[in-house]
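Start from the sequences, fold in the hints, and give me the full structure.
So the sequences go chain by chain: A and B.
Note that my numbering gives residue 178 to position 178 of the first sequence, counting from 1, and the numbers run on in steps of one.
Note that my numbering gives residue 88 to position 88 of the second sequence, counting from 1, and the numbers run on in steps of one.
Please keep in mind that the hints were generated in silico from the structure rather than gathered at the bench.
Keep in mind the model is a prediction, meaning the values are calculated, not measured.
Think of the CB as a built atom: it goes at the ideal place given N, C-alpha and C, for glycine as much as any other residue.
Please note: incorrect hints may appear among the correct ones.
Unchecked claim - So these bits of chain A aren't anywhere near chain B, every CB distance computed over 10 Å:
no., residue
1, Phe15
2, Gly25
3, Ser26
4, Leu33
5, Pro35
6, Val65
7, Gln100
8, Ser114
9, Ile129
10, Ile138
11, Thr150
12, Gln154
13, Ser155
14, Glu162
15, Ser178
To be verified - Ranges between beta-carbon positions, derived for each pair:
no., chain 1, residue 1, chain 2, residue 2, range
16, B, Gly115, A, Phe17, 18 to 28 Å
17, B, Ile25, A, Asn141, 42 to 52 Å
18, B, Arg37, A, Thr180, 41 to 51 Å
19, B, Leu141, A, Glu176, 29 to 39 Å
20, A, Ala29, B, Phe165, 27 to 37 Å
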Amino acid sequence: MNLAKLSIAVSSSLFIFGLFGVVIGSLIAFSILTPQGTVDRSLVLGATSQKALVFSPLKLESSIVSQSKLSLSNVPRGITSFTIEFKDLRATTYILQLLQTHNADEIPQSFQISPKLSAQQVPVSFSIIIDGIKLPLIQENGEYLIPQITVDPQSISTIQLEIIAKESILYPIQLELSITQ
Amino acid sequence: MNRFLKQLFIESVLAGGLLIIAKIIGLIGALWITQARYTFSTDSSGLLPILKLSVLDLDSLTTITSYSNALFTAIMILLVITVTSRILLTRIAANNSKIVAKVIYYNLFEWMEHGHTIYPKMLIWLVFTWLGALLVLRDALIGISWYSIPIVFITFAIVCSFLVFLDIDRHLQIISFPQQRESRKTKHSSI
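What follows is the structure in structure tokens.
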């Protein structure tokens, strides 16, 4: 009699646990099936450009950056654009970690960075720093430069953006960087 | 009790499986409608490696999730209506011999629910309806889906809950007042 009661209790508990398992399993499955935005953008860039040189944007955590956007242009393929909006630039020097380059190839790879600023005659100069080498992008007089960069085979390099503001700029300015391989 | 729990478990497996299938159909439908680019990747950062679907264009994430949730909601509502229609047919046929005759005539006997499956089915589908509604609401709250979808789903879940409680209440009254039933019977017999 007791054995029968025990077996009923055990099977009932198993059914209850199974029930919870099904509910929790459904919750997990639903969460997995919910699409997410891409986090690993290097995968996207590599997949789109079909080239050995891949760019991974780094998280811009700075009080002067109000928004940043990465976009890929389909035509022509291989051009990657970064748009960064700055706000409240003070008369000082800022250095931001911008992106990483991954050259998976066994030969050196080159790319060009062409800058574009939303406003003209801004007393700010922009430069990029890669492997300790500083390359100017926009000079104080508003002159645009398009540096060509060659990265070593099978290397990872971090590209930093240096902003030197001569005076405080209280209105937002947008910097667009187009990378052409 | 054991039989009830067993039935409850079977129904939960069925409802859970259908909920996942509905979500998969919703997702495939949404990706097909929006023609969005996506990647499948394996995320092994957790305890178990899981397959992750990533949308390449972040701007279309809300549209894809909304379409997928809308299709999921539509499928879930259809499934619940199907289950409800079977239970309703059983309930109506129990008190009406004409309906029983029609059920036999149209060969719908298999469509009717058996007595021991009604309550487990009702309870489990109510639980999964609320689960689906809350999951859709979660997506809306985190900003990746439209609010209109959870509003429709939650309203439907409220209506379903009301119907289930109405049915349970009706049957509890039948069970709880046997003396009244007896007195009613004696009244009829005296007439």
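Here is what the structure says about each hint:
In this structure phenylalanine 15 of chain A is not separated from chain B by more than 10 Å, as the shortest Cβ-Cβ distance comes to only about 4 Å. Not every beta carbon of chain B lies more than 10 Å from that of glycine 25 of chain A, the smallest distance being close to 6 Å; the non-interface claim is violated. Under the 10 Å C-beta cut-off, the non-interface status given to serine 26 of chain A relative to chain B is violated; the minimum distance is some 4 Å. The beta carbon of leucine 33 of chain A is not kept farther than 10 Å from every beta carbon of chain B, the shortest such distance being approximately 5 Å.
With a minimum CB-CB distance of about 5 Å to chain B, proline 35 of chain A fails to clear the 10 Å threshold, and the non-interface call is violated. With a least beta-carbon separation of about 17 Å from chain B, valine 65 of chain A lies farther than 10 Å from that chain, consistent with its non-interface assignment. Every CB of chain B lies more than 10 Å from the CB of glutamine 100 of chain A, the least distance being 19 Å, so the non-interface label holds. No beta-carbon of chain B comes within 10 Å of the beta-carbon of serine 114 of chain A; the shortest separation is about 24 Å.
Every CB of chain B lies more than 10 Å from the CB of isoleucine 129 of chain A, the least distance being 28 Å, so the non-interface label holds. Every Cβ of chain B is farther than 10 Å from the Cβ of isoleucine 138 of chain A; the closest lies at roughly 28 Å, confirming the non-interface assignment. Taking the minimum C-beta to C-beta distance to chain B, about 29 Å, the non-interface status of threonine 150 of chain A holds against the 10 Å cut. Here glutamine 154 of chain A stays apart from chain B, with its beta-carbon at least about 23 Å from theirs, past the 10 Å limit.
No Cβ of chain B comes within 10 Å of the Cβ of serine 155 of chain A; the nearest lies about 24 Å off, and the non-interface call holds. Consistency note on glutamate 162 of chain A: stated as away from chain B, and its beta-carbon is indeed over 10 Å from all of that chain's, at 28 Å minimum. Here serine 178 of chain A stays apart from chain B, with its beta-carbon at least about 19 Å from theirs, past the 10 Å limit. One distance hint, 18 to 28 Å for the beta-carbon pair glycine 115 of chain B and phenylalanine 17 of chain A, holds here, with the actual separation near 26 Å.
Under the hint 42 to 52 Å, the C-beta atoms of isoleucine 25 of chain B and asparagine 141 of chain A, about 60 Å apart, miss the expected range. The hinted window of 41 to 51 Å between arginine 37 of chain B and threonine 180 of chain A is violated, with their beta carbons roughly 22 Å apart. Between leucine 141 of chain B and glutamate 176 of chain A, the C-beta spacing of about 34 Å keeps the proposed range 29 to 39 Å intact. Our hint of 27 to 37 Å for alanine 29 of chain A and phenylalanine 165 of chain B holds, since their Cβ atoms are close to 29 Å apart.
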